[in-house]
Amino acid sequence: IILFSLIGILLFRSLCVCMCVFQDQSVCARTFCGAGRECVSTDRGEPVCRCLQQCDVTAHWVCGSNSRSYRNHCELHRDACITQTKIHLEHRGHCLGQETSRDGFVCFLSDRDWLRERVIQWIQEEIESDNMTSNDSANHLLYFKSNSVCVLQTYDNGDSELDSKEFLSFLKHNETALNLTYSNTLEANILSLRSLCVDALIELSDENADWKLSLTEFINCLTPTYHPYERKCALEDEVFEDGAETRMECNKCVCACGNWVCTALTCSGEDTPPTQPPTHTHTHTHTHTHTHTHS
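Numbers -18 to -1, 1 to 277, taken from mature numbering (1 follows the signal peptide of the UniProt record, and there is no 0), label the letters of the sequence shown in order.
Worth flagging that the hints you see were computed from the coordinates, not collected in a lab.
Watch out, some of these pointers could steer you wrong.
In silico lysine-lysine, DSS-like type, Cα no more than 25 Å apart, as pairs [to be verified]:
# : residue 1 : residue 2
1 : K214      : K154
2 : K194      : K234
3 : K234      : K214
4 : K194      : K214
5 : K127      : K154
6 : K127      : K194
7 : K147      : K127
These figures come from a predicted structure and were not determined experimentally.
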């Protein structure tokens, strides 16, 4: 008897849920809600639009007109609905040169991968200009590696390794050919962002963690068939994705390429509770300096 009663209760609840969902669908059938909103029925059975409770977790980062990065287009419209402000799509990907403070910049995964793709495309164009095109993928990869060797040997200091300064020298010397342009970003900020993204590229394939790329590491970094992994940030047993933000006292931290990047403001007032800094932290000062901390 108890078993049949429980089954009856579960069936009744399921029926109620289905009826409610069906009621919402039927009531909202002729109601159109704008982007970032959804239609639900009131207790009186009337349709009403409200801000979306949640969006799909799929990451297709976009930059809003408010210079804020959003995980996807839906999150942008949802935030516009919640804040009751007009926000339009500026461009796809993270906001280039997104600030953690008025004078601190970070390199996101999308920035790192964009720079990597530009270098790969340039090397491939060099191969084509040398009439080394081939339908054989093995030969094409061989030519690609050969051109990569030329790049490293041209800009290294003779040790067959490329550090961040030498990598930046390569980018600067071929800036026009690489088409390294960042819209709406000041020249000084471009250099800071580029430097951070070079560090992120080196870290990507620096197997011995010496902050230099050997020939093998350099080729691995730029091989077109290699798909860079998306590193995440850890904080108090939680994992955060690229672009996630948190606060440490009066300072703001953002997850960028697997590291927490924080501003370094001096917090005033004795009422501010002390907060432990996140692990894997890069700290920006007002002179754009940054330090790497590895566990």
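Output the indices of the hints that this structure fails to meet, ascending. The structure breaks hints 1 and 2; every other hint is satisfied.
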